[in-house]
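Participant: This is what each chain is made of:
Number of protein chains: 4
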Amino acid sequence: MIRPGTWYLEAISPELITSCLLKEVIYVGQTPYQEVQVLDVAPFGRCLVLDGKTQSAECDEHIYHESLVHPVMLLHPQPRTVFIGGGGEGATLREALAHRSVTRAVMVDIDQQVVELCKQHLPKHHQGAFDDPRAQLRIGDARQLLAEAPEQFDVIILDLADPIEGGPAYRLYTQEFYQIAKAKLNPGGLLVTQSGPASPLNHTEAFTVIQHTLASVFPRTIPYSVYVPSFMNPWGFTIAALDAGAQMPSPEELDRRIAQCITRPLRFFDGLTSQALTTLSSFLRRGFAEEKRIATDASPVFVV
Amino acid sequence: MIRPGTWYLEAISPELITSCLLKEVIYVGQTPYQEVQVLDVAPFGRCLVLDGKTQSAECDEHIYHESLVHPVMLLHPQPRTVFIGGGGEGATLREALAHRSVTRAVMVDIDQQVVELCKQHLPKHHQGAFDDPRAQLRIGDARQLLAEAPEQFDVIILDLADPIEGGPAYRLYTQEFYQIAKAKLNPGGLLVTQSGPASPLNHTEAFTVIQHTLASVFPRTIPYSVYVPSFMNPWGFTIAALDAGAQMPSPEELDRRIAQCITRPLRFFDGLTSQALTTLSSFLRRGFAEEKRIATDASPVFVV
Amino acid sequence: MIRPGTWYLEAISPELITSCLLKEVIYVGQTPYQEVQVLDVAPFGRCLVLDGKTQSAECDEHIYHESLVHPVMLLHPQPRTVFIGGGGEGATLREALAHRSVTRAVMVDIDQQVVELCKQHLPKHHQGAFDDPRAQLRIGDARQLLAEAPEQFDVIILDLADPIEGGPAYRLYTQEFYQIAKAKLNPGGLLVTQSGPASPLNHTEAFTVIQHTLASVFPRTIPYSVYVPSFMNPWGFTIAALDAGAQMPSPEELDRRIAQCITRPLRFFDGLTSQALTTLSSFLRRGFAEEKRIATDASPVFVV
Amino acid sequence: MIRPGTWYLEAISPELITSCLLKEVIYVGQTPYQEVQVLDVAPFGRCLVLDGKTQSAECDEHIYHESLVHPVMLLHPQPRTVFIGGGGEGATLREALAHRSVTRAVMVDIDQQVVELCKQHLPKHHQGAFDDPRAQLRIGDARQLLAEAPEQFDVIILDLADPIEGGPAYRLYTQEFYQIAKAKLNPGGLLVTQSGPASPLNHTEAFTVIQHTLASVFPRTIPYSVYVPSFMNPWGFTIAALDAGAQMPSPEELDRRIAQCITRPLRFFDGLTSQALTTLSSFLRRGFAEEKRIATDASPVFVV
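Protein chains in written order, with the working numbering: chain S, 1 to 304; chain E, 1 to 304; chain V, 1 to 304; chain R, 1 to 304.
No lab work stands behind these hints: they were computed from the structure. Heads up, some of the hints might be wrong.
Chain copies aren't distinguished; within one or between two, either way the pair holds.
Said to hold, decoys possible - The calculated lysine to aspartate or glutamate pairs, modelled on DMTMM-like cross-linking and capped at a C-alpha distance of 25 Å, are:
no.: 1; residue 1: LYS292; residue 2: ASP270
no.: 2; residue 1: LYS119; residue 2: ASP141
no.: 3; residue 1: LYS124; residue 2: GLU24
no.: 4; residue 1: LYS292; residue 2: GLU253
no.: 5; residue 1: LYS124; residue 2: GLU15
no.: 6; residue 1: LYS119; residue 2: ASP131
no.: 7; residue 1: LYS53; residue 2: ASP40
no.: 8; residue 1: LYS184; residue 2: GLU148
no.: 9; residue 1: LYS124; residue 2: ASP270
Remember, it's a predicted structure, so these values are computed and weren't measured experimentally.
Please take these sequences and the hints and turn them into a complete structure.
Facilitator: The following block contains the structure:
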């Protein structure tokens, strides 16, 4: 039975809508870049919603953010400098700073208001990460600020909104941008980007194109996916490496590295979880094998 | 934007509803056992819905049914006789019969009308499996008919509705039933059961209890899960083995066995997919480790 | 509590949606002119839906059709010839033919397929009216066929779809069309048109404009409204008369005329009901008094 | 097209749901008596919602409250003392106090928290009425406080929640309560009660029973109805009079009395509107004529 009352509706596609019982509207507003909602919905807890799309939810943001950050950080032997594109909630920053080796994490978000709103309304997301002396927040276009950054980075983490036509993020998913990013990496450097939905019904919307575009710039890519309950979908990520032989460590080695390199226990990610995420089901392998598209500035990829 | 028009709403939980654009209502009716709908919904194609829960959809039933049937059938060295509990759509039967070694597949469904409706309205599901001379359909309570069956089986496959309070299926998820099933297996025999939702938010509703209950009867269990788009959730399965050392073959060995044992190409399942399904993320391992409940006739497990 | 299941959603406005439990989809299709649905929805019974808007429902079509037809027919001393524009369901025709004095009723609908679908699927609406020897169905544009009709009429009844941008009907709500209609009326002739929603929130969308446009062509208009449950809104109608002194008879006189002129009992309309419909609440009187717009071919009126 | 986003859903019946675009959740909470929501919904403005039912909305509360208060107040030759049962928003009090003759208005609401929330969040509803020196607020059960009131009243106005099983209000719709109320009226006294939905589909849920119950206690009743947009339904009211010959004044006389007796212009009610409201359509007359039920404490009336 469905309760009458207040509900939050989100369109997965024009033919598929999810409705969550709304417990509280924390904030609704419009910034120069996007519509922002901070909502508390019954099954998922406090959520950041940008332009009608849930970005992360209290109940499972650790699944998304640990899966985004730790594989790439643990694949690197000793990541000191990290560039984060997007990630207004501060949770990506939080996870990156949990790595003992990190001396500086530069986060660039285009939307100062979103960052301020997250600082205020999503304390369980950032957990004070913005106040870490190693963190540096820069407001502006991640592409431009990365290109102009005075420093090089060991790891680049792209925690961006989906590439939506007319949205602020699509130029951060193109071949040209990945070339810029590659040039800003130190030797042995790595990049990871969120890569959109990854179910059998929608993995070719963005995931396979992003992987294929990265593979046109980097000698090695490692795509993987994880189910995120508040997205009601598996979600894709792609690591790109300067080193053609890069390979996720074994589960045992990963567990050892987690214990050594990370200053606190993780809630989701561990060695076997890494293996579950990076072992690709048949439809993903087929999707990557058959993908021909490369996203460029002139011909970008969009999700619906 | 959401189209006004006709929609199909399903409750994942009282706080989470999914809505699919309805293209056609093929059939709606009530049998002595359950409410039956055959619907054609825009994103998923033709679906069987029992008591308001989608059982399988044309777009991805191969993911569900191949994941249910082939792991257990390929784990067995040479399955000849198969017992199928439930599976009214005929797709489980279809996949079982694709194994060259099978000489007889006995399928028991409680609801003759559902089977007839599936025969008529879901031809892409059964693909004529009911007409295979090795197939034998028996109508009745799977628990009783399994107990009274004159024969023993190599493999038992339980493709049942979720255990719902007041529903027809919950007595097929109890320790007592698993003891009956165990007694009907040939030496080296295996059982697999669908085991309910398997996301971080709902894996302890049924999946961990079913695994723990099976582990109280069988010396060896192998739980695994797969994301099924039309369920908008990962789904759990549990293999139970008489042989304490049973172990899924390596990806390479599985691919070899698929080529040898199955009469036609599979659409989803293969060696690496098997590894993806059976490699358990941390929350599942924790869930199984911490589970204490055992479902019994007196104290069964129910999903909401 | 809301039942999951199949629902029919209709937009009253972009900010207000009604959802009815869907019992059966009788027909869905596209004609050259419009999208057609015949639905059976739980609270209202069998409905005709054109372009996503409920035209009439079994449970209350008698309220709509009696309110459309009988005031104008009873205001006329002896209506013999009737022109009906639209009215594909056949219910307007049915009510017109119930008047003993009628010798000919010419009905023009633009969409032959809608008429055929109504004949087949809405038998309780037309009740065989199309077979009455006094009825003549012409397929085509009501404006053109009225202009070219060889005969004159005593009463013109316009049972049209709402004037929607891009829809087939908006040219039947303009000053130019009303001038055509006026020229086709016999002396003492009367016209009535459905006039859109009539609540305090939406009576100025079309109702007041239609009345004001008619008043620019005819010396006398009589607007009135009735609540139609399946529209969840009061609905407006406007009578226009060649005779400047036309006035609805008293309730007692109306009841006498109903008994004399109509061949069977009415279900909704009677003398006091007529008084209830034609006594205008303050917001309607204000709306008519303040309306300045006149709908013309060059500047028509549209509802959202 | 429907916007994804936040929506407010209300059940008109289990088969009919309305959804309004939610602009702001002003307040949500639970008192000892009921669930309270103050919502701002796009089409209707700020609303008070009790136990999931909209009580009144900013856009049309003047229609509801003027229709409740002024007919009975203008029917009385000179109402000095008024008892108001319910009416937590303060708008009924506001309208009663607009009558020049009123020297005292006693308002009894069971739920102090609702009154305080309305004072705070619905300033456009009460417009300061609670601060009028003639107003006296008493918190408690209206039935008990009316029975125990030291004074008699000229007019009793019952602005109550619908009679819902288990709700706080159903004992204020019974024959026993109406006998209590009758005994507290001065000679020539009048009572009015909101009487539930009044459409052809639902007028027999409560309206006809309430009228019939009042008619079993008072020598004269005057039922009437008005369409309230935010209820998406016509709404019923019933006046009961000690004087068997009580009759609504003519439209002209009413307009004269409004100008004399009320201290400020009305927004909705006037003489012709009164005639529109009190002229009953056929289904209402039939409903009242056929009603046999009388609501008693032992056998009350409930709406769904």
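Participant: With reference to the structure, classify each hint as holding or not holding.
Facilitator: Here is how each hint holds up against the structure:
1. LYS292 to ASP270: between (33 Å within a copy, 24 Å between copies)
2. LYS119 to ASP141: within (20 Å within a copy, 47 Å between copies)
3. LYS124 to GLU24: both (16 Å within a copy, 24 Å between copies)
4. LYS292 to GLU253: Neither: 35 Å inside a chain and 31 Å across chains, both beyond 25 Å.
5. LYS124 to GLU15: between (33 Å within a copy, 22 Å between copies)
6. LYS119 to ASP131: Within one copy, since 10 Å is at most 25 Å while 42 Å is not.
7. LYS53 to ASP40: The answer is both: 14 Å in one copy and 22 Å across copies each meet 25 Å.
8. LYS184 to GLU148: Answer is within; shortest intra-copy Cα gap is 9 Å, inter-copy 71 Å.
9. LYS124 to ASP270: For LYS124 and ASP270, only the intra-copy Cα distance (22 Å) is at most 25 Å; the inter-copy one is 41 Å.
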